[in-house]
Each structure stands twice: as C-alpha cells, then as structure tokens.
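*Asks:* Since the structure of chain Y is provided, determine the placement of chain R with the ligand on it from the hints.
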Amino acid sequence: MNQKTVLPEKKGEKTKKAGADFLMEALRNHKVEVIFGYPGGAVLPIYDKLYDAGIPHILCRHEQGSIHAAEGYARITGKPGVVIATSGPGATNIVTGLADAMIDSIPLVVFTGQVATSVIGTDAFQEADILGITTPITKHNYQVRTASDIPRIVKEAFYIAASGRPGPVLIDIPKDVAVLEGEADENPELYLPGYQPKIQPNYLQIRKLVEAVSGAKRPVILAGAGVLHAKASESLIAYAEQQGIPVVNTLLGLGGFPADHRLFIGMAGMHGEYAANMALSECDLLISVGARFDDRLTGNLKHFATKATVAHIDIDPAEIGKNVPTKIPVVGDAKEALSQLVEQNGKKAESDEWLDQISKWKAEYPLWYNTESDNLKPQRVIELLHEYTKGDAVVVTDVGQHQMWAAQYYTFNKPHAWVTSGGLGTMGFCVPAAIGAQIAEPEKTVIAVVGDAGFQMTSQELAVIAEMKLPIKIIIVNNQALGMVRQWQELFYQERYSHSLFPVQPSFVKLADAYDIKAFQASTEEEAKTVLQKAFALNEPVLLDLRVEPGENVYPMIAPGKGLHEMEGVKP
Amino acid sequence: MKGIITLTVLNRPGVLNRITNLFSKRSYNIESITVGHSEQEDISRITVVVQAEDEKDIEQITKQLNKQVDILKVSDITGQSIVARELALIKVAVNPQTRAEIYSLIEPFRASVIDVSKDNLTIQITGESEKIEAFIELLKPYGIKELARTGTTAFLRGMQRSSQTNKVVSIL
Ligand SMILES: Cc1ncc(C[n+]2csc(CCOP(=O)(O)OP(=O)(O)O)c2C)c(N)n1
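Residue numbers (UniProt numbering), protein chains in the order written: chain Y, 1 to 572; chain R, 1 to 172.
Keep in mind the hints are simulated off the structure, nothing from the lab.
Treat each hint with caution, since some may be false.
[As the list claims (entries may be wrong)] Derived DSBU-like pairs: lysine-lysine, alpha-carbon spacing no greater than 30 Å straight-line:
#1 R/LYS25 x Y/LYS155
#2 Y/LYS322 x R/LYS25
#3 R/LYS140 x Y/LYS302
#4 Y/LYS208 x Y/LYS348
#5 Y/LYS307 x Y/LYS347
#6 Y/LYS390 x Y/LYS198
#7 Y/LYS198 x R/LYS25
#8 Y/LYS347 x Y/LYS217
#9 Y/LYS208 x Y/LYS307
#10 R/LYS131 x Y/LYS198
#11 R/LYS2 x Y/LYS302
[As the list claims (entries may be wrong)] If you anchor each label on the Cβ, the simulated ranges turn out as follows:
#12 R/LYS25 x Y/THR146: 27 to 35 Å
#13 R/ASN120 x Y/PHE125: 42 to 50 Å
#14 R/GLU53 x Y/ASN300: 17 to 25 Å
[Said to hold, decoys possible] Which bits of chain Y does chain R cover? Going by a derived footprint, with three or more residues having C-beta under 8 Å, they are:
#15 139-150
#16 317-331
Where a beta carbon is used, it is the ideal one built from N, C-alpha and C, also for glycine.
If we strip away everything but chain R, and leave its shape as in the complex, we get:
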C-alpha cells in the first residue's frame, strides 16, 4: 500500500540521512520525498510517500521516525482528509500538426506552457498525483522527451496547525 507521512524536523545536518536510513533499513521503498522550509524558522517540513506492505509497516516506520531526536512531529496522514499537491515539468515533442491538439489538453488540466521551442513544449502541471499521471498518459503518444516530478507534498485539511504541537505517541 501507499502511505503518506509528514514530518516536521529541526533543520540540522544529517537529519534527512537519518530519515531515509530508517526506510532503507526496513527495505521500504520511498516513492517520493519533498523537503522545504516550514512556517517556522529552522524547522523544515518533509512529506514522504512510501510503499509498504500494510498499515502495520507504516505504524512501525512512524514510531521509528518518532524516536529521532531531531524530528519534532510525525503524522501518518494516509487515508485522511488532506490537501496534497505535486508539480511536474514535462517536455513534449511538437510539430505543426500536434501543436493545437496538445494545447487543447492543457486547458482542462489547468496546466501551463512555460517554455516553447521549435520542436518542444515544456508544460508545468500541479495537482494530485493521479491527475498528473492521467495527464502524462495523454501526452505519451506525442513523445515525452523529459519528465521531472517533485513528489507529493501534503498536509491535513482544516484548521489544525500541526508543526507546533509536541510529539505524539500513537499508543497511549
């Protein structure tokens, strides 16, 4: 199954290494990982999408992450009500015949063209992973020359601001 785990961490050297290590130690495959600043200085926010056997695996990895000294909070938001977004850059081949067709795909997906050359278009799209995948499928027949995806970044919907609360132990 696919799990989504978000982390708030102290921005210290080595913290990312510690995190990825825990996944590889248990041979869970990280599908994507995004890292960036959070709303608080010195605190970064990480979103990990992980392939695991089952919920028990995700619970175990969540607990192991929780033990790390530089990790402030771990949330398993798999299957919860979340806002999740990913960005992809797609360089696709064009010719005078296909140009209009491709442009007609862009609009319904709210993608945008960010670079144009004689033989290529570079398209930027944001959204949930499924939407991006659907878009990529549609473009494939035209010839995708390059593709770069950021991976998912996410948090819970609603009013909660989670990065300031303390660590929670899932079993109490």
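In isolation and in its complexed conformation, chain Y is listed as follows:
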C-alpha cells in the first residue's frame, strides 16, 4: 500500500490540475491506505481518477456500510477513515455513520459529491443540502468552491479530524469543481486561527490533582475512550500503579486498562459491574480521564459520586463540568496529563482499606448468570470466544444485549481491540465495522458479535467479506428477538412484547452460503464448542448462527432513573 508521494519541491510552488487530480494527490500525500466508497453521478469525475490512482478502494454494498467500515478502521488505527459517497441519496446514506463518529469521537474524512455549482440550490437531480444536514453531526464541514482550494481544504480536514478531540469532517465537492482546473500549492501552510486544541495541561491544575490524591482515602480513576484516542494506556497503568488508585472503565474505554490488572475493578454504568458502580458511588476522589459522563454511565446524576471531589482530564474543555460539577479541571491530552502526574510522583493516597473494600465487592458480587437451563447461554458464548481466541482478538459488536455481554465477558487486556457503537448505539454497525477493523489489522483474529436483528440491517456487506476473503468470524447471538427491546418490555412494560419478536427469520446459514461463506448453526454448549473450534481453525470468513436462550436478560442493571448504587440483578 506504499504510495510514492510527489510533493512539490518548494513550498509555495503552484501546480495546475483538475480538482479530482488535486484530490488524488492530496489523498496520496496524506498516506491514505484505503478508501471506503460508493460511486454515483456527482462523483464520476473523482471515480474516473480513482480508476488508476493506485489507492485501494473498497466497494461496500451500501454507503452506510462504507462509513461504518471506515469507523472500524479508524477505531483500530487512530487514523482518519476515508469515505466517498455521491450526492443526494449517497450523501444522506452516510448520515447515521457521521452521527455515530461524532458522538464517539472517531476521526473520519468524508467526501461527498454535489451537483454542479451552477445548479446548487435549484433542487437539481440528486441534490441534497448535505452541509446543512450534517452541520450538527460533523466536527467541521466544507463545500469546495474552486479546484485550487482542494489541497488546502483536504489538509485542514485531515488535521481537524485527527487532532484534539477527534471527529468526522465532511468535504462536499460539486461535480464541476472536480472537473475544472485550478492552480494551487499542493502542500500549503496550515492556517487555522480558530482551531487550536490545547494539548499541554495547566501545571497548577496538575498540582491540585496531586494534592487531592495525597489527601484521598477512596480514590478511583474512571478511564474512558480518551485514554485510547491519546494512546495513553501505558501512562495510565504507570500512574495507577504509582499511586495505587483502582480503575474503572467506561464501555468505550475497555482495553485502555488491562482487565487482568490487580487495580482493575471493571466496567461501570447501566450494565457495569457492581464493584465498579459502588466504587464510583462511594469514592471520595473521582479522577475522570477522557470520559464524558454519559447518562448510561452515571445513572441518575443526583446520586452520582455524591461524596467525591471530581477531577476531570479531557482534551475538550466543553466536556468539563457539562454533566458533573468539577473541582479540578485539567484540559489537555490524556497522555500528557498522565505522564506529568507520574513525573510529579506525589504522595500516595492512603487507600489500603478502600482497596480491601473493593476486593470484597468484587468477590461477593461478581458477574453471574443462571446456568440451570440446557439452552446455550449467550454469556457462555462470549466466555468461549475469549477462551478460543486467548483473549487476543479484536472484538466488534453491534448494539443490544449481545453488546453488553461482550463488554462484560470478553475481558480486554490490551488497547485497540474493542470496536463498538457506544454513544449513538447504532444497530447495523457491526458487520461493516468488522470489515474496517480486519483491514486495519489483517493479521489479527476479528470477531463480529452481532444480534440477529442488527445483523439484518447491514448483512449485504457479507459480499465484501466474501470478495476480499476477510477471515472475520461472524457470531450471531440469535435470540430470535430484538433482545434489548424485549428485555425492557419485559421489565418495564408488563411483558407487552410490542414488535420485538421475529415471527419469521431467514436461514442465516443459507444466507452465508449464498455469499459462499462457510456457516454453521448450534443450539447447545457442546455444539457451540464444536462450531467455534471449526470456525477458528479456518483461515477464512465463517458465520455462526448460535441459537441462545431466548428470554435471557442482561444483568446486573440500573433501571432508568436509578442511581449507580441501586443495581438490580446482582448475584444473590
């Protein structure tokens, strides 16, 4: 995938090219390894250049697939995922992916075609005001007005997408702009006076935090995805070990701190572990690192960390104090902040009693599930996945019960091995995101854990998996229902299962077969073991339709409106 880059010798030297040629050159300059896209009228001039540009392009079967694949790629690599879609319906098909990337801070650079400048605003064929539509769900967006602006705008877009708090940037390119020639410096100076992400934390705040730790008795670190974005896992481990502070993860932060570490408590939140939620409820010092206090994490805010002094390390100043009053704000890059904290080598908290208390909670109320029935238990499926992959796979999930079970039972010891749609909770995310993840990590085992409902939202991408022979293991946790919806209806709507049970389902095995993908079904633990062994022995894509206990619920849980200390369904 190495491209030779033909940067102009001297800065300020101008070249003359068609817009689409500037674009190809800019993509090469930014070392784009792969594009996820789908052609159409408005991007034909761009696709014509892509024909022999030598930049790998993956044709997902739906633009939603393209953008989720790009997200999967970006989540693993930390590099911006690149997407191209045509104007109108192509562009509107990526809206969900943009919103998903925005809320989970995933770097993307997305190109959309647009109708020609002369007809913009006339409701021309396949015109959509994609700038207007995507303004609230992009970190920034542009419409290119002349070909000569392309090198500058693309350079800005890659920088904005990946720096500071990452996010999606959209560039709308009218068809004529791609065709017409312009003159431009292909390596322009970056000039963004209004965009200066703050990387270096303030020393005084760091000192305040050091002092708060030395006076604390019950400190806890809440580590979110910011740790992963900043590639700060090692610094986090060093800091937690130096200060003896236990760590909980958010859903998106899993892997940022090793699950098998003695200081790890578990995932917190609605379906988090009892010990983790109790630690957040009872702590006297809460140090949040790159987490944004989402309501699924905090439960009822009135009861959240009421005894704690809150310190918040975040690269985005707007996150600090947004949901939880914060005493010690540390604006900056998580890795920088954590390394400076380690350097300070402050006096440790006196936390021995606290650590004992946490161990007791962990021992007394571990995750658990009922093993009495003969049906295959979904939690057991995840445990088996962990076992057969030695905990070393990249796990990609969809949204629903299976997602929570994967988060609970596939203990993550390493960073960048967990891809899930957290903030938006986008069903249909899994299969395409797994494609992106496998492309990012060709040597690794990638498992796609998906519900039978979510799978049907983007199953067309099996074609890409087959075509590229991506050895993804697709695990359908098949409870023949919109499981998470069914669970809520059972618990909070008097078992009135309104439109959440499937009267008809396709044969997933036959469907896979239609794409020439090997597939097996299993309904008991023994069968599951057999098919999992088969699947992991094959170096090719495999789909497993695992028929699990249909009425199984995700526990423990915090009912809506309740506080973290009010978990239900903990181990009796």
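*Replies:* Using the frame of chain Y, we list chain R with the ligand on its own:
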C-alpha cells in the same frame, strides 16, 4: 436568565448555521442575533442575546462555540461593563390630535422621525434594549402599526480590542 455572547468569526459560508445550530441543539432560545463586518477584513462580528437557565448553561454554550473551527473568539460579556445598542423602527398611527403629543415623546428619548405620511409616523430609536422597550410602551396607546428591531450589538467598554486575541479557554 439573559446572556450576551459576542463572537468574532471567519466570514465563511455556513458559519452562522453552525452557530445557531448549537443554540437550538441545546434548546436555548436566541433572543436576538446581529451580524456584521468587524474592523478586520474577512472577519465578522456577531452578538447573540440568549435566554438560558443559568450561568452554567451560558458557560456550556460558550465552550461549544469555542470549539467551532471558524470561530476565532467567544466572549461571554453577560453582566460585564459593556456598551450595548439596538436600533428600532416604529411605525405609529397619528392624527392631528396626537401628532404633537408623539413629537413630545420623541425628544427625551433622542429618537427621530424618519418618515412622515398623513396617518403614520416612522420613528427611529437607538439605545439599550430597556430604553427601547420603554419607548415602545409609551407609543402603544397610539397604535403601533409596524415594529422592527435589530437586536443588540455590543462590546466591552474600555481599551481592549478583543477580535485580534486568540481563543481563550475559560478553564485553565
Ligand atoms: C438503528 C437502530 N434502531 C433501533 C435501535 C433500538 N434498539 C436497541 S437494541 C435493539 C434490539 C437489538 O436486537 P438484536 O440485534 O437482535 O440484538 P440483541 O439485543 O438481541 O442482542 C433495538 C431495536 C437501535 N439501537 N438502532
């Protein structure tokens, strides 16, 4: 509460949309918004008067605005020492009996009559919003036929020139 936020922004397409979006996303009501050129080429100045719950809301919106790439500077000048002005055009009904009375109101408010017809007077007034409101109240009994207000535009008093300084993060 009412907050006043001033912004200096790059004059790029879509920037106003991004700004108003942030307010509507958090369902804060924009009471008025004024936009115009600043002393620097390509840089516009915007004044937003916003209805919000409390100071925390205004701080949050200020921070969200600060994140926008095309916004150079955001200042929350609520409750600070500022110069704030608004302009209103008021078309009021007149007849021979009321004409003199209305004219007698205009002078103390330093308003001016900018159009006269048989049945109407159009009056221009500038000042702080409260003054304009008081004036409107006084004219109401005569019959206001049309009213147009520009909304407040404002900056800090004194020597500071704020549009050239870089972004400031409110928590440091
Ligand atoms: C696009 C989209 N539509 C609807 C929902 C609401 N929703 C959340 S979980 C869920 C059920 C998912 O069922 P399935 O994919 O079978 O997974 P399970 O919960 O059974 O593991 C639904 C409908 C959603 N998250 N995303």
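*Asks:* Next, verify each hint and record whether it holds.
*Replies:* Each hint tested on the structure:
1. R/LYS25 x Y/LYS155: Holds: R/LYS25 and Y/LYS155 sit about 29 Å apart, inside 30 Å.
2. Y/LYS322 x R/LYS25: 14 Å, holds
3. R/LYS140 x Y/LYS302: Outside the cut-off at roughly 47 Å; violated.
4. Y/LYS208 x Y/LYS348: Measuring from Cα to Cα gives roughly 14 Å; hence the hint holds.
5. Y/LYS307 x Y/LYS347: With Cα atoms ~22 Å apart, Y/LYS307 and Y/LYS347 stay inside 30 Å; holds.
6. Y/LYS390 x Y/LYS198: 39 Å, violated
7. Y/LYS198 x R/LYS25: 25 Å, holds
8. Y/LYS347 x Y/LYS217: 12 Å, holds
9. Y/LYS208 x Y/LYS307: Satisfied, since the Cα-Cα distance of roughly 18 Å is no more than 30 Å.
10. R/LYS131 x Y/LYS198: The given pair, whose Cα atoms are some 42 Å apart, is violated under the 30 Å limit.
11. R/LYS2 x Y/LYS302: Cα-Cα ~26 Å, so holds.
12. R/LYS25 x Y/THR146: 27 to 35 Å: About 31 Å separates the Cβ atoms of R/LYS25 and Y/THR146, which means 27 to 35 Å holds.
13. R/ASN120 x Y/PHE125: 42 to 50 Å: For R/ASN120 and Y/PHE125 the Cβ distance comes to about 49 Å; the hint holds.
14. R/GLU53 x Y/ASN300: 17 to 25 Å: Check passed, 19 Å falls within 17 to 25 Å.
15. 139-150: holds (count 4)
16. 317-331: holds (count 7)
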